[in-house]
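K.L.:
Top to bottom, those sequences are chains V and Z.
The first sequence begins at 1 in the numbering used here and counts up by one.
The second sequence begins at 1 in the numbering used here and counts up by one.
Treat the hints as calculated values from the structure; they're not laboratory data.
Be aware that one or more of the hints could be misleading.
[To be verified] The following label-pair restraints were derived from C-beta to C-beta distances: (1) P297/V / W280/Z: 29 to 39 angstroms; (2) W424/V / E158/Z: 37 to 47 angstroms; (3) L12/Z / A13/V: 26 to 36 angstroms.
[Unchecked claim] Some, not all, of what chain V presents toward chain Z, calculated at C-beta under 7 angstroms: (4) I50; (5) Q119; (6) I403; (7) P404; (8) G405; (9) L420; (10) V432; (11) F484.
Since this is a predicted model, take the numbers as computed values, not measurements.
Beta carbons: idealized from backbone N, C-alpha and C, even for Gly.
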Amino acid sequence: MTSEVTQTAVTLADHLPVLQILVPFVAGPLTVLIGSRALAWPIAFAASAIATVIAFLLLMQVIDGSVISYHLGGWAPPLGIEYRVDAANAFVLLLVSGISTVVLAYARASVAAEIPKKQHTLFYTAYLLCLTGMLGVAVTGDAFNVFVFLEISSLATYVLIAQGSYRDKRALTAAFDYLIMGTIGATFFVIGIGLLYMATGTLNMADIAERIADQGSNRTVRTAFAFIIVGVGLKVAIYPLHLWLPNAYTFAPSAVTSFLAATATKVAIYVLLRFIFTVFQPGFAFEINTLVVIIIPFAILAMFAASFIAIFQTDLKRMLAYSSIAQIGYILLGIGLLTETGVTAAVAHLFNHGITKATLFMGVGAYVYRVNGSFYDRLEGMGRQMPWTSAAVVIGGLSLIGIPGTAGFVSKWMLVQAALELGWWPIALLIVASSLLAVVYVWRVIEVLYLKPPAADAVHVTDVPLSMLVPLWVMAFASIYFGFDTNLTLGASSVAANGLLGGSVLAAQ
Amino acid sequence: METGTAILLSMLIPFLAVISNIILRDKPNLRDGTTLAAAVATFLVVLKILANEGNGTSETLVLFQVMPGLDLAFNVEPLGLMFAILASGLWILTHLYGIGYMRENNEEHHARFFACFAFAIASVMGIAFSANMFTLFLFYEALTISTYPLVAHKGTPEAIKGARTYMGILMGTSIGLQLVAIVWTFSLTGTLDFTKGGILEGHIAGPMVAVLLGLYAFGIGKAALMPFHRWLPAAMVAPTPVSALLHAVAVVKAGVFTMLKVGIYIFGIDFLSETGASEWLMWLAAFSIVAASVVALTKDNLKARLAYSTISQLSYITLGMALASSMGALGGGMHIATHALGKITLFMCAGSIYVATHKTEVSQMSGLGRKMPITFIAFLIGALSIIGLPPFAGSWSKWLLIVGAADTTQWVMIGVLMVSSLLNIAYLLPVVAKGFFLGDRSDTSQMQEAGPLVWAPPAVTAAGCVILFFYAGALLEFLAPIVAN
Chain V
1 MTSEVTQTAV TLADHLPVLQ ILVPFVAGPL TVLIGSRALA WPIAFAASAI ATVIAFLLLM
61 QVIDGSVISY HLGGWAPPLG IEYRVDAANA FVLLLVSGIS TVVLAYARAS VAAEIPKKQH
121 TLFYTAYLLC LTGMLGVAVT GDAFNVFVFL EISSLATYVL IAQGSYRDKR ALTAAFDYLI
181 MGTIGATFFV IGIGLLYMAT GTLNMADIAE RIADQGSNRT VRTAFAFIIV GVGLKVAIYP
241 LHLWLPNAYT FAPSAVTSFL AATATKVAIY VLLRFIFTVF QPGFAFEINT LVVIIIPFAI
301 LAMFAASFIA IFQTDLKRML AYSSIAQIGY ILLGIGLLTE TGVTAAVAHL FNHGITKATL
361 FMGVGAYVYR VNGSFYDRLE GMGRQMPWTS AAVVIGGLSL IGIPGTAGFV SKWMLVQAAL
421 ELGWWPIALL IVASSLLAVV YVWRVIEVLY LKPPAADAVH VTDVPLSMLV PLWVMAFASI
481 YFGFDTNLTL GASSVAANGL LGGSVLAAQ
Chain Z
1 METGTAILLS MLIPFLAVIS NIILRDKPNL RDGTTLAAAV ATFLVVLKIL ANEGNGTSET
61 LVLFQVMPGL DLAFNVEPLG LMFAILASGL WILTHLYGIG YMRENNEEHH ARFFACFAFA
121 IASVMGIAFS ANMFTLFLFY EALTISTYPL VAHKGTPEAI KGARTYMGIL MGTSIGLQLV
181 AIVWTFSLTG TLDFTKGGIL EGHIAGPMVA VLLGLYAFGI GKAALMPFHR WLPAAMVAPT
241 PVSALLHAVA VVKAGVFTML KVGIYIFGID FLSETGASEW LMWLAAFSIV AASVVALTKD
301 NLKARLAYST ISQLSYITLG MALASSMGAL GGGMHIATHA LGKITLFMCA GSIYVATHKT
361 EVSQMSGLGR KMPITFIAFL IGALSIIGLP PFAGSWSKWL LIVGAADTTQ WVMIGVLMVS
421 SLLNIAYLLP VVAKGFFLGD RSDTSQMQEA GPLVWAPPAV TAAGCVILFF YAGALLEFLA
481 PIVAN
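Excised from the complex, chain V in its bound form (with noise of 0.2 angstroms):
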């Protein structure tokens, strides 16, 4: 294991890992306790902006590979709970905060134009409740705490999609429907979570590590494996348990969908990757056979299903959500690969997928703010009447397919790379054949952007505001840059891979 350093805290720098989550959870409650709506909005960016820089500063801290362990309250884990940041956390933490951020920024015109002026003080609570929980899940390493801030950012995200109800009513049968689904999926954990508990007396996930790796596998430790994966899948989507997404994500407010697109699933991921490496010991033969046996299947049928599903949208919104599904296979298909530059692909796409994709949705809503709809007919022409907007579109687009010069091909190159260092030859070609749908669903969209004359109504349509656009550039811009300058992206990644595989068995094969 890695050494850890007891602290005793003395500065507020040693506070970082419970002020990232402190901030927003003060800041939640705080709106509506001061009740101006005028208020919500900058004490939420505040709040999140504030995150944003902890998490920066976290992760500097950690990217040499060290781990910073927290104890709450002064309790010596495993009895007390303790925060443990890695890079692979501190990584998620980042993503998690800076993508909340500039969504904020974004979502003052969006929000404003989509959901009823009463109901924003609340909203913002709402998004910074949810944020608090996702920061949360990633930052602790208390198992049963993963579970606590899983249901806070889960409960603040049902409320949150409901929120599309002012513009589609069938917004609250999707958030209804998540809420089912989610429900479940946050049982099985606990129940998985539960089982551990009886099988080893401890809460604390290296506890658990250690104690596990100590009984070998028994029943009980398998029913828990299959339980949390199941639990954790659900809020993953991984394929045949993504039913909820594509109404959740086409429903929900465009600000919304912005944030969790980008960050929800890609939390649920983080805490996958945290069981499947760090919990539980990837050496015994059970896990390995899961995952090669179901999930590189599974990611595979998503990555063709999904896109294939995607090609036949006619709302741009529930194309890219299916689409979403899809590159969570590539996620997945980077873990089943069990190797180092296999999960440091998964890492990595997490976080550029995590960036192109609230580009993509962002674009989405302005073009929402403007013609009020994002199906194709209500599109036509906007590359000509929205310039600005559908620029950064097609940027996010050619990044979702994984043209070279963007976020996406990064992490599409290693993980071609990582299936070829296997010599799977047909999960490499199955890779690129799927991107090859990639470019039919989004090009489908250029050609209703660019290349179809405005509807009659529409031809006066101009940009959105300035503090959309702006928010809205940062983000292509990102897919851009990331795409070259991949020092923090992979530099991150592979240590964080290197962390997660680094306990396991395998590293030592």
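Dock chain Z against the given chain V, drawing on the hints supplied.
P.N.:
Structure of chain Z alone, referenced to chain V:
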């Protein structure tokens, strides 16, 4: 000026022209004048590189590292320099021609058109000066994307359909096959740098060499090797200046240029020759040569006929690489230049005929030669150069290819090249013959040449075909280092 600066400028100047086109979109004269200045400046910068480096290989300029082992890097070597000179020089002519064509033909969206055009040139410069396969691939895709709006320019259902085919095949092959080949190469050797003698020797053996070569050969869709040639005729819906520069020079030549680069600097001619991995490719190229020529015979639409002729001629270059002999590779390299001059002449003549008479079918062109003598004489010269008759440039590259085939005792290939020349005669010369000798002589209609911006550029390139014939020795000497050990 340092070579490194010049390389960056050669990409930056066309890119600035993209921006100037967007900013000056409502001031046609200023906009087109600025672009012309950019084209001339690019050409001068490339000539400066020639003056600096001659036919040597410059130091590699690394912009930055994208991934460990993968740099965005540029250098100068003879083949790339020749390609850059060709593309930037012809950009000037095509730009002038484009102004005339677009204005006389009342086409729309000029600013977008010239902006994409300049972007495509910037990408071509990137391809020409790439120091490794990764950088090349980046610009290769940029070229595909920047030319897509040009193909779809007219916005008619037909144009959209053509553009879709264009995009589908080029993207499909490059992502589906070429990318796999590149990643495979990288995971075998840990580098993608273009290196004299290749990088693969010792890392791969047996039939897998042929498989990897196949991934590259088909993956480089721009080389239009059958059966991935359909995009070329489909792209002919584009306005003629696009067809002229992009589909006779920039895009297709980027394809065969990449093919030669892969053959010479990734595999290595000697490695290919030892393993015999390229033999199947040679036969496929031979098939493409003959089959495309036969199809060209059946096309009545002049641009479609020229498109199939291009497919056939591109395979000459692929054949040159696949012969795996020094002479073959040199002949292929030289054919890039000679075919570019000849084919751009033919395309610009086709456009000139269209602007003046709105005729597109060969069968309608009887008697036009007497009305438009300059255009038809230029066409004749271009055609003779493509066929490979002296004293026109095309004869030399064909000669070298035949020598290459003889070197490797591939007698059948010599036959293929001869048959192809005959077929070229059969589909190109009738156009000229109809123009001058058929038709109603008493026709007194007012048909005449289009404006000077339309007929002068093909006349210049036709003259180029003759001049290059006499300087072929110099060009050969210039290219020689690419295969020297």
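K.L.:
Does each hint hold? Answer for all of them.
P.N.:
A quick look at each hint next to the structure:
At roughly 34 angstroms, the beta carbons of P297/V and W280/Z sit within the given window of 29 to 39 angstroms. Taking the beta carbon of each, W424/V and E158/Z are about 43 angstroms apart, inside 37 to 47 angstroms as hinted. Distance hint check: the CB atoms of L12/Z and A13/V are about 44 angstroms apart, inconsistent with the given range 26 to 36 angstroms. This hint is violated: I50/V has a C-beta 32 angstroms from the nearest C-beta of chain Z, more than the 7 angstroms allowed.
Below 7 angstroms, beta-carbon pairs count as interface contacts, and Q119/V has none with chain Z, the closest being about 41 angstroms; its hint is therefore violated. Annotation: interface hint on I403/V holds; nearest CB of chain Z at approximately 5 angstroms, less than 7 angstroms. Contact between P404/V and chain Z, as hinted, is supported at the beta carbon level, the nearest pair being about 4 angstroms apart and thus within 7 angstroms. Because the beta carbon of G405/V sits about 5 angstroms from the nearest beta carbon in chain Z, less than 7 angstroms, this interface hint is met.
Hint status for L420/V: holds, given a least beta-carbon distance of 5 angstroms to chain Z, under 7 angstroms. Annotation: interface hint on V432/V holds; nearest CB of chain Z at approximately 5 angstroms, less than 7 angstroms. With a least beta-carbon distance of about 6 angstroms to chain Z, the hint placing F484/V at the interface is held under the 7 angstroms criterion.
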